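Read top to bottom, the protein sequences are chains B and Z. So the first sequence is residues 3 to 175, counted in the numbering used here. So the second sequence is residues 91 to 588, counted in the numbering used here.
Rather than coming from a laboratory, the hints here were simulated on the basis of the structure. For clarity, every value in this text was computed on a predicted model and none was experimentally measured. All the pointers check out, no bait thrown in.
Straight-line Cα separation of at most 30 Å, DSS-like style, residue types lysine-lysine; simulated pairs:
| no. | chain 1 | residue 1 | chain 2 | residue 2 |
| --- | --- | --- | --- | --- |
| 1 | B | 5 | Z | 280 |
| 2 | Z | 299 | B | 105 |
| 3 | Z | 309 | Z | 299 |
| 4 | Z | 232 | B | 106 |
| 5 | Z | 251 | B | 5 |
| 6 | B | 105 | Z | 232 |
| 7 | Z | 251 | Z | 280 |
| 8 | Z | 254 | B | 5 |
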Amino acid sequence: MAKPVLLLACGNLSRGDDALGPLLLEFVEAHCDLSEIELLTDFQLQIEHALDLENRGLVLFVDASVSCAGPFELTELEPALDSSYTTHAMSPAAVMAVYRSIKKQPPPPCFLLGIKGESFELGEGLSAKAAENLQQACRFALSLLSHTDVAVWRQQADSRHPLASYGHSRENR
Amino acid sequence: MYEHLETAENSENLKRVVVDPVSRVEGHGKVTLLLDENNQVKQARLHIVEFRGFERFIQGRPYWELPVLVQRLCGICPVSHHLAAAKAIDQLVGVDPENLTPSAAKLRRLLHFGQVLQSHALHFFHLSSPDLLFGFESDIGKRNIIAVLNAYPDIGLQGVKLRKYGQEVIRMVAGKRIHGTGAIPGGMNKALSQAERDYLLEDVDQMIKWAEDSVALIKKVHCSSLPYYDEFATIRSNYLGLIQPNGALELYHGGIRAKNDRGETLLDHFDYCRYNEAIHEEVRSWSYMKFPYLLSLDKENGWYRVGPLARVNNCDFIDTPLAEAARVEFKAHGGEAMVHSTLAFHWARLIELLHCAESIKVLLHDPDILGHDLVTQGEKRFEGIGVIEAPRGTLFHHYQVDENDIVTKANLIVSTTSNNMAMNESVRQVAAEYLSGRELTEPLLNNLEVAIRAYDPCLSCATHAVGKMPLQLELVDAEGRLVDKLVKHNDGTIDRHG
Chain B
3 MAKPVLLLAC GNLSRGDDAL GPLLLEFVEA HCDLSEIELL TDFQLQIEHA LDLENRGLVL
63 FVDASVSCAG PFELTELEPA LDSSYTTHAM SPAAVMAVYR SIKKQPPPPC FLLGIKGESF
123 ELGEGLSAKA AENLQQACRF ALSLLSHTDV AVWRQQADSR HPLASYGHSR ENR
Chain Z
91 MYEHLETAEN SENLKRVVVD PVSRVEGHGK VTLLLDENNQ VKQARLHIVE FRGFERFIQG
151 RPYWELPVLV QRLCGICPVS HHLAAAKAID QLVGVDPENL TPSAAKLRRL LHFGQVLQSH
211 ALHFFHLSSP DLLFGFESDI GKRNIIAVLN AYPDIGLQGV KLRKYGQEVI RMVAGKRIHG
271 TGAIPGGMNK ALSQAERDYL LEDVDQMIKW AEDSVALIKK VHCSSLPYYD EFATIRSNYL
331 GLIQPNGALE LYHGGIRAKN DRGETLLDHF DYCRYNEAIH EEVRSWSYMK FPYLLSLDKE
391 NGWYRVGPLA RVNNCDFIDT PLAEAARVEF KAHGGEAMVH STLAFHWARL IELLHCAESI
451 KVLLHDPDIL GHDLVTQGEK RFEGIGVIEA PRGTLFHHYQ VDENDIVTKA NLIVSTTSNN
511 MAMNESVRQV AAEYLSGREL TEPLLNNLEV AIRAYDPCLS CATHAVGKMP LQLELVDAEG
571 RLVDKLVKHN DGTIDRHG
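Can you make the complete structure from the sequences, with help from the hints?
As structure tokens, then:
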């Protein structure tokens, strides 16, 4: 029986800031009640991950991002055709589109937690800036995952400063 | 053949057309064509633009970290690197392949069949079927897995589920889909439980049926467009891969067999621990990727192809019945000792997919697969070499360690590197046959990518040897004139020309 919430982290622990997704997953594994949450990690997304979306109430993709405006960003996703269809590494939106094609129904609500990274070389550790961003993202994820109401997640995704509700940003002011 | 297109005369006066990046290819590749004013192709090369220091990544680490660490070399075939490293590390702990326990050896084979099955399924159904089902020059908006799922829903779904099944085999044997510690020095870390075995058995017959259907599909696709499919990007080459002692197709362990384009044997049952005596790697200034060749020939004639086409060409038979029947049909179609069609890579790949599905079933019914005697111990050695047939071809891992078990030297020859010269030859063939004298369009450029994609290259795996690679950097202005040029030599010195 699938757990209602899926956290699917992408990245490679040995490619610098590409490790952000798996490291957040490790934090959640150590600090969260996992009775309702399934954790999965992979180097990159592929077509078969569409099958991991089955019977979920909420899905949180976690990945390093070079385009985040802040330390991290929560975005609600829609199924989409994009160029990642033609590569070995698909985007979360493309995985959702594969789900829709296979199942002939809309995918569950899916969100992307992007964490700002800047360096992705093989053999590198996490950059100092990415490590800071990870700390903030981990605190946010703990709070977010304590809710299983999609309305709360949408509220956070719509907020320009999601941390404002969770205290950490206030520490930095 | 088409070597005259590798380097054009007076290239500074030519128009540059770049296909970058090569989509549906792992890593970053770049095809550069230099055209004259009449759009005639004067130069064609496949470049590697990403540079990954594999050896540097491995050297300085304790050897026991490597089975996990090397999985991070590549997001596409982590299990292949995991098993090649494990075979090399077996030797470091004094265990030769024939001394693994039966259960450990069979669990490793099961893991490998799962990896090859999921990789081949991804390549055919996701990356190649859009081209093959809709046509190489069809609307780019159509050439993707979603269009396949919409137009051929059964085929698309089978691809997704075959891929998923292979991943489940990996998860059951290694404990996780990725970062698993299935193989450890001298054996395996985890036994397969009866419940896990039964779970995999539930779907295996369906997987065999779908794999069989996929072979019928590719045969139909190939044979319905003759002679095009036999001639597109086709080159005559040598072929190299592992082989069983009885001449059967082998993916996990065996000696090296190499044949020439006429099917004559160049190497047979050659001990892969002596690979340095048979294979050398040539460095060329314009590519990060090396060019391996057989020493028994020479640089010009010794290059070879690896992967499904090489393996199915080289073997005397396949030891699972459905795949063997498919092999016989495949060879009969070729009409000569070796099948040289580059697009026949797809056909051979699906024959192997079927072989993997059949072999998984055989292993799941073998009582040894549930055994708990999983580790063999031996006396420490200072050098280990592991070779397997990865989905894309022969993969070499070679390590030396010091008295503190730290890796002091590592050398990897990845499958895509072995196919480097062949991919360049196919690019040149396509450029010469299909692009010269025509206005360039996206579908035409896609023909080049189709040729490269047939090899299922993993370009991010194929570049290595930090500090050892001569590198040429050219700066060309808007008029096409060379204004500056730096050449970095093997010894690290840099010369400026221009």
